[in-house]
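Use these hints to put chain B onto chain A, whose structure you have.
Residue numbers (the working numbering), protein chains in the order written: chain A, 129 to 299; chain B, 9 to 237.
Simulated from the structure, these hints should not be mistaken for lab results.
Every residue, glycine too, gets a C-beta built ideally from N, C-alpha and C.
One should not assume that every hint holds.
[Unchecked claim] Label pairs and their in silico Cβ distance ranges: (1) Gly228(A) x Phe101(B): 53 to 61 Å; (2) Val285(A) x Phe101(B): 33 to 41 Å; (3) Gly201(A) x Glu103(B): 51 to 59 Å; (4) Ser114(B) x Ala138(A): 31 to 39 Å; (5) Lys250(A) x Tyr56(B): 43 to 51 Å; (6) Ile194(A) x Glu145(B): 53 to 61 Å; (7) Thr256(A) x Ala82(B): 34 to 42 Å; (8) Tyr80(B) x Thr273(A): 35 to 43 Å; (9) Val269(A) x Tyr56(B): 43 to 51 Å; (10) Asp254(A) x His45(B): 52 to 60 Å; (11) Val269(A) x Ala22(B): 26 to 34 Å; (12) Ser38(B) x Leu282(A): 45 to 53 Å.
[As the list claims (entries may be wrong)] Where chain B lies over chain A, by a calculated footprint (3+ residues, C-beta under 8 Å): (13) 139-147; (14) 151-159.
[Claimed, not checked] With a Cα cut of at most 30 Å, we get these calculated BS3-like pairs of lysine-lysine: (15) Lys119(B) x Lys15(B); (16) Lys211(A) x Lys222(A); (17) Lys283(A) x Lys71(B); (18) Lys15(B) x Lys25(B); (19) Lys209(A) x Lys222(A); (20) Lys250(A) x Lys71(B); (21) Lys78(B) x Lys209(A); (22) Lys119(B) x Lys42(B); (23) Lys78(B) x Lys222(A); (24) Lys211(A) x Lys71(B); (25) Lys78(B) x Lys230(A); (26) Lys143(B) x Lys119(B); (27) Lys140(B) x Lys15(B); (28) Lys222(A) x Lys250(A); (29) Lys211(A) x Lys250(A); (30) Lys143(B) x Lys104(B); (31) Lys78(B) x Lys283(A); (32) Lys234(A) x Lys250(A); (33) Lys209(A) x Lys71(B); (34) Lys143(B) x Lys78(B); (35) Lys140(B) x Lys104(B); (36) Lys15(B) x Lys42(B); (37) Lys78(B) x Lys211(A); (38) Lys209(A) x Lys250(A); (39) Lys283(A) x Lys209(A); (40) Lys234(A) x Lys211(A).
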Amino acid sequence: MFSNVQPRQAAAQLLNFGLILSTAFMMWKGLSVITDSPSPIVVVLSGSMEPAFQRGDLLFLTNRNILQETDVGEIVVYNVKDKDIPIVHRIVRKFGSGAGAKFLTKGDNNVADDTELFPPGKAFLDRTDMIGSVVGYIPFVGYVTIMLSEHPWLKTVMLAIMGLVVVLQRE
Amino acid sequence: MAVSQEKITLYNLADLKNTSDDAIPNYLNSLGFKQSHHLTDVRLGLGYTALALAGACFLWDYKLGFENTKYYTAAAVLLYSVLNGLLTVWIMFVEKGVIYTGTSKSGDTVKIATSTKKNVPQYNLTITTTSKSGKSETIAVSRPFTEWFDAAGHFVALPFQTMLATSIPAVGRLDPQRAQAGQDEKMAAYTPEMLAALVQENSSVARATAETSTTGADTGKKTKQRRKA
Chain A
129 MFSNVQPRQA AAQLLNFGLI LSTAFMMWKG LSVITDSPSP IVVVLSGSME
179 PAFQRGDLLF LTNRNILQET DVGEIVVYNV KDKDIPIVHR IVRKFGSGAG
229 AKFLTKGDNN VADDTELFPP GKAFLDRTDM IGSVVGYIPF VGYVTIMLSE
279 HPWLKTVMLA IMGLVVVLQR E
Chain B
9 MAVSQEKITL YNLADLKNTS DDAIPNYLNS LGFKQSHHLT DVRLGLGYTA
59 LALAGACFLW DYKLGFENTK YYTAAAVLLY SVLNGLLTVW IMFVEKGVIY
109 TGTSKSGDTV KIATSTKKNV PQYNLTITTT SKSGKSETIA VSRPFTEWFD
159 AAGHFVALPF QTMLATSIPA VGRLDPQRAQ AGQDEKMAAY TPEMLAALVQ
209 ENSSVARATA ETSTTGADTG KKTKQRRKA
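Pulled out of the complex, with its shape left as it was, chain B reads as follows:
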C-alpha cells in the first residue's frame, strides 16, 4: 500500500499537519471531486496586489525622492493597510483554516478545515458537506496522527483515506471499499486482505527502521574516522 518515500520529523506538528493537509486534495480529487481554488485565489490576489503596491512605492521613492512623492506615498500606505486588513479578515473569518473545497460528481460540496492545538498530536477536521439541494451538515473529527504516520515518519495512505471515507458520508459513497474497511476495523474483524496489508505495512516499517539504524551506524563510523583524521 502507498507509503510515502518522504520522511518527516514526527516531533514537528506543523510537518504532520502539512503532510496530512497535502494528502486530502490528492485523495478527494482522485475520487472525482472537482477542487475549487476560490479561497486561495482571493488570498493570493489580495496579497500580491499589496506586494505590487509596496514595490511601486519603493520604486517611486527610490527614483524621485521622498519630498516629490509624499502624497502618493501616504495614499499607498493607507491602501496597503486596507489591503492587509482585508487579507487578515479573509484568512481569519472566511478561510478559517479551510484547506480543501471540492464538489463531487453527484453535486455534494465538501469543505474541509483542519487545525492542530499546540503540543497535542491530534488532527482536528471540521467538514462541512452541502448537498445539491442546499442542505448543509457539519461534522467534527479529531484523530491522532499516529493512525497514519508510521514510527519512521512515513505517511501511510490507507488508514488516512479510510478515516476520511468513514467520517465523511459524501466521500464514503464514492469509495465504498475504504468506508467498508473502516466498518470492519471497528468490529475488529480483520479480513485476510487487511491482515496481509497490515503485515506488509509492519514489514515496511521494520525495513524503514532498519534503514535508519544502518544509516545511524554509518554516520557513527564517519564521525569516528573524522576524529582519527
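Same shape as in the complex, but just chain A:
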C-alpha cells in the first residue's frame, strides 16, 4: 500500500482526509454565523428540564431576535462565567426591555429558580449571557456525545478508525 507512493498522490490522500474534517468544521461555523450563536447545537446533560427535555436530547438554537425580543416562556441556553457547561432553562421573569432587559430563569423540574446558579453578586441574567433560544430538538440523538465525554477513550478509538479508513481507501 505505502510502497512507491508518489508525493502528489500522498498529498492528495492527506487532502481528502483534511477536507472531511475542515468541511465539517466550516459547516458548524457557518451555522454559528447564521444563528449568531457560538454553539448553535447543544446536548441536554441534566434532567432539570424534564418532562420537556431528557438527557441526551439535541437542541437547535438561534441567537437572533428577528421577529420579537426574547421573552418569558422561552427556553434559553446560557453560559455562566467560570463554568464551561451551558445551562438549558426556561425564562420565568423579565424586567425591562431591549438590550438592558434582565432575566430570571428556572428549570421546569427544579424546585427553586436559578439565582443559586448565578455567580456571586449577580441576581439575574443579561441578554448577552445567553447563547440562544431553543427552536427545535431531536430526542436522544445527543446521547452519543454524552457517552463520548463520559468515556474519553471512545473518542480516540473513533478518530483512529475514521483516520485509518480514509487513509487506506482511495475511492
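This is chain B only, laid out in the frame that chain A set:
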C-alpha cells in the same frame, strides 16, 4: 516479464483501477513522455488553500472566542464554500477523471481519462491525443481487467502496455515492439518469443497460486494449534 510483487484483491474494483492508473505514468514516462502535473497541482492548490483557511479560522476562534471574530468567521465560511465549489467544478468538469497528461518528444500531447462502472470489471479509457499542429483526436477503449491481472492478483505489465501501445497511435510509434506484438496477437499467430513469455507467465501464476495455497495451509495449521492451546 514484469509481474508486480504486490498482490491486490481481484474483487476490489477500486484496487484494480488504481493499480492500472498507477501503471500508466510509469510506462509512458519510460517512453520519453514528459508528464504534466498541471491538473493535480491546481487541485492540490485549491484544496490546501481551503484547508489552511479552515485551520486559521479554527485558530482565531479558539484563541479569541466567537464574539470577537464572528465577521472574520463569516468571511472565512463564505470564502471556504467558494473554494470548495471551485474544487468540485475543477474535479467534475476540468479533470473529468484524467489521470495522465504527457507530451512526447515528437510533440504529441496525450491525455488519458479512466473510469469504471460499479460492479463491471471493465477499464474504460478515454484518450485524447493532440498533435503538434493542434489536431485533436479522441479514442475510447474499454477492456476487461482480466487481460492484465493474473488469477493471483498480480499486475502483469506486458499485456497492459501492449493494450496501450496498440490503442494509442502516439504511444505505438514510440514502442513499435509492443504495438507489433498486439497486431500478432490479433492474428492469433504467436511468435516463439511470445509463447515462451506466455509459458513463463503461466508458470509464475501457477507458482503464485501454489504459494497462496501453502500459506493457506499454514494458517490452517496455526488455527488448529491455537484451538488446541
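What are the numbers of the hints that this structure violates, sorted from low to high?
7, 8, 9, 27 and 34
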